[in-house]
Amino acid sequence: MTTSTENPWRWVPTIYFGTGTAQAAIATLALLLYKQLGLGNAEITLYTGCLFLPWLLRPLWSPFLGLIRAPRWWIVAMQLMLGVALGGVAFTIPTAHWLQGTLFFLGLLAFVLAIHETEADVFYRDTVARTTRSGLSGMPGTFRLLAFIFVQGFLVMVAGNLQLLYRNSISLSWSLIFYSVAGIFILSWLWHRTSLPSPYNEAIHLLRRQQRREQFAERWLEVKKDTLSLFAQHSRWQLAAVLFFALFFLLPEALTSKVVMLFLVDANHNGGLGLSPQEFGLAYGTVGVVGLITGSLLGKGLIANKGLRTCILPLSVAILLPNALYMVLSETLPTSLGLINICIFVCQMGLGLSLSVCWETVKSLGKTMGNHTTFMFFTSILALGQMLPSMFSGALQEWLGYNNLFFVALACGILSLAGCVWIRPMLQKRGNDDAENNKNIDFF
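With this note's numbering applied, the sequence shown covers 5 to 448.
In case anyone wonders, no lab produced these hints; they're calculated from the structure.
Positions of the beta carbon are idealized from the N, C-alpha and C atoms, including for glycine.
Just so you know, not all the hints are guaranteed correct.
Using C-beta positions, here's what the derived DEER-type ranges look like [to be verified]:
(1) Phe108 - Phe68: 46 to 56 angstroms
(2) Ser202 - Ala399: 47 to 57 angstroms
(3) His101 - Arg240: 42 to 52 angstroms
(4) Val321 - Gly342: 47 to 57 angstroms
(5) Leu343 - Leu243: 37 to 47 angstroms
(6) Asn309 - Val425: 19 to 29 angstroms
(7) Lys310 - Phe158: 14 to 24 angstroms
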């Protein structure tokens with residue numbers, strides 16, 4: 005075994021820091037870019053919401069990756085492609101066709117990132133020894149969230165300072181930011197070409213690839229068998245409960261995940277708080293991420309100690325907290341940055357609590373109901389429940405206004421609580437397996 009395999013600190017932090025950086029570029033930088041370039045909220049949420057499509061379709065294309073090349077090859081190649089896609093975004097921002105160009109390269113970025121993320125998880129699971137991984141279970145989530153602080157906090161602040169330096173040249177400032185992120189991935193590509201361990205040589209992989217191709221038809225038959233087994237072994241009532249939970253538990257968050265950022269930076273006369281990029285980077289990109297980490301750790305700690313079945317109803321109430329506070333902020337429009345920071349911290353902490361409940365519930369149901377196919381089905385339905393509301397949340401905001409949209413999202417929390425009540429009897433009771441699974445706390 006190579007030294008780099010024995011020491012995951014050489015490559016695991018950089019892999020997952022890069023993953024988080026690209027995720028934050030899609031989720032935050034693209035949204036702020038379009039807002040400052042003058043697009044309406046309806047267009048922004050529609051365009052950026054479509055970027056989630058590769059994750060929605062992941063169960064369809066992910067089985068083919070292993071038939072083509074090894075995970076290590078995919079990781080290194082996709083990091084180069086991430087740099088190319090981000091460079092393409094940066095290059096097209098100052099051009100006359102900036103909207104078409106940036107959308108094309110952001111779409112490429114999303115698909116490449118989905119491949120990179122999928123193969124990075126496979127490589128991490130297969131390469132890091134099980135005994136080592138038990139002590140490093142929180143490493144991927146930790147560095148992913150540190151990347152969010154770096155991008156949403158530091159880089160957004162830098163973008164604001166560049167706009168002051170270049171006399172409000174918005175296109176130039178964002179172009180430089182995306183070039184810098186592209187440079188990070190080019191450096192990451194160069195680093196991982198040598199530091200990423202090779203758990204097996206190419207000849208062995210070619211043999212495995214041939215075996216996978218021969219077994220490919222059998223694998224699809226197995227997926228079909230698992231799907232039929234899912235419908236045969238569980239009642240329609242149970243399947244309806246799972247579907248309802250997956251579609252509606254995160255509906256309040258899906259309706260406001262993009263609109264919240266637009267609300268923070270929108271002008272006061274439009275009903276927003278009017279934060280500058282520097283203030284946004286501090287409040288949402290730094291304080292907010294710390295709140296998200298706090299809520300996630302608190303939620304997972306409570307679930308580890310008390311059990312999911314006990315905690316699901318009390319912790320799910322936290323999903324009401326963000327929209328309740330944002331509704332108050334949209335009504336009062338405070339000017340105190342300190343007060344806004346406190347409110348965002350509390351909102352994101354509530355979101356972290358609810359996300360920990362959601363993810364642990366999906367993992368528990370996947371284990372209870374049987375197999376990997378079931379788990380992929382759950383995650384795809386969750387992705388659909390996130391993607392569709394977020395795409396049309398901007399149009400809904402333009403129709404209702406910020407305050408009324410937050411009220412609607414708060415009311416949708418009733419569906420979230422109903423889903424928890426419905427799904428609770430299907431969850432495993434706390435036992436040795438549950439305690440073992442929750443012993444090592446990760447963020448997500």
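At the C-beta level, are Val321 and Gly342 separated by a distance inside 47 to 57 angstroms?
27 angstroms, violated
Taking the CB of Lys310 and the CB of Phe158, does the distance hold inside 14 to 24 angstroms?
For Lys310 and Phe158 the Cβ distance comes to about 37 angstroms; the hint is violated.
Val425 and Asn309 - C-beta distance against the hinted 19 to 29 angstroms:
Since the Cβ atoms of Asn309 and Val425 sit about 22 angstroms apart, the hinted range of 19 to 29 angstroms holds.
For the pair Leu343 and Leu243, does the Cβ-Cβ distance stay inside 37 to 47 angstroms?
With a Cβ separation near 45 angstroms, Leu343 and Leu243 satisfy 37 to 47 angstroms, so the hint holds.
Quick one: are Phe108 and Phe68 within 46 to 56 angstroms, going by C-beta?
23 angstroms, violated
Falls inside 47 to 57 angstroms, the C-beta gap from Ser202 to Ala399?
Since Ser202 and Ala399 have Cβ atoms about 49 angstroms apart, the given range 47 to 57 angstroms holds.
Per the hint of 42 to 52 angstroms, is the separation of the Cβ atoms of His101 and Arg240 within bounds?
50 angstroms, holds
This entry does not satisfy hints 1, 4, 7, going by the numbered hints stated previously.
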